[in-house]
Amino acid sequence: MARSPSFVNLLASQGSVDLDSLETPFFSSQCPEESSVKERRKWSVKEDIILIGAWLNTSKDSIVSNEQKAGAFWKRIVEYYNSSPLLVGTVPRELGQCKQRWARINDLVYKFAGCYDMALREQRSGQNEDDLMKQALDIFYSDQNMKFNLEHAWRELRHDDKDKRKPVDSPVPEPEERPIGVKAAKAAGKRHKTGKEEE
Numbered sequence: 001m002a003r004s005p006s007f008v009n010l011l012a013s014q015g016s017v018d019l020d021s022l023e024t025p026f027f028s029s030q031c032p033e034e035s036s037v038k039e040r041r042k043w044s045v046k047e048d049i050i051l052i053g054a055w056l057n058t059s060k061d062s063i064v065s066n067e068q069k070a071g072a073f074w075k076r077i078v079e080y081y082n083s084s085p086l087l088v089g090t091v092p093r094e095l096g097q098c099k100q101r102w103a104r105i106n107d108l109v110y111k112f113a114g115c116y117d118m119a120l121r122e123q124r125s126g127q128n129e130d131d132l133m134k135q136a137l138d139i140f141y142s143d144q145n146m147k148f149n150l151e152h153a154w155r156e157l158r159h160d161d162k163d164k165r166k167p168v169d170s171p172v173p174e175p176e177e178r179p180i181g182v183k184a185a186k187a188a189g190k191r192h193k194t195g196k197e198e199e
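Note that UniProt numbering numbers the sequence shown so that position 21 is 21, with each residue one more than the last.
Derived from the structure by calculation, the hints contain no laboratory data. Yeah, the Cβ is synthetic: ideal placement off N, Cα and C, and Gly gets one too.
Only pairs whose alpha carbons sit at most 30 Å apart, straight line, appear in this in silico DSSO-like list of lysine-lysine:
id, residue 1, residue 2
1, K46, K147
2, K99, K147
3, K99, K69
4, K99, K42
What follows is a set of in silico ranges between Cβ atoms, one per label pair, in the way DEER data are often shown:
id, residue 1, residue 2, range
5, K46, L132, 23 to 29 Å
6, V45, K134, 17 to 23 Å
7, D138, R158, 15 to 21 Å
8, D138, A103, 24 to 30 Å
9, I49, G126, 31 to 37 Å
Start from the sequences and build out the full structure, keeping to the hints where you can.
Structure follows, in structure tokens:
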């Protein structure tokens with residue numbers, strides 16, 4: 001059986017292989033899109049915070065506000081993100097990368113916010129912020145079967161009340177007292193008068 005020079009039998013070979021001396025595999029010369037696949041870059045905490053800032057600033061723009069199509073909205077976010085002076089010297093991110101990262105941040109932060117709210121409702125006397133955080137992280141781990149590693153993102157988004165998006169950190173609001181109706185007010189007035197008359 002004739003073998004091409006780029007084939008290396010890893011099961012039979014115990015010696016070292018010089019990968020630089022091997023020819024380029026057949027498919028990469030035939031399929032240019034295969035060779036242009038970009039390496040995945042991890043997002044740093046700094047990049048996450050810049051992306052969140054870009055999203056918040058763009059979504060709260062009082063001039064354009066929410067009167068923009070999704071494509072234009074994300075184009076503005078990516079431009080804002082890539083123009084950050086904190087990212088000088090780094091490879092710019094593309095729209096798809098920013099959109100995917102935001103989706104992940106938004107999803108996990110929203111889930112963690114629910115865990116934090118649960119920990120807040122179960123808060124016992126004497127527990128501080130660190131205790132609440134530990135309890136929320138434990139709840140998240142048991143619910144999602146993974147560690148929550150976006151605490152920096154949650155801290156950036158926890159007080160954001162953007163109505164277009166799911167609330168990231170909104171504790172259960174206290175029910176407001178309903179204003180009294182006309183009939184109830186008249187009935188209360190009559191009861192009040194009759195009470196004075198009896199005195």
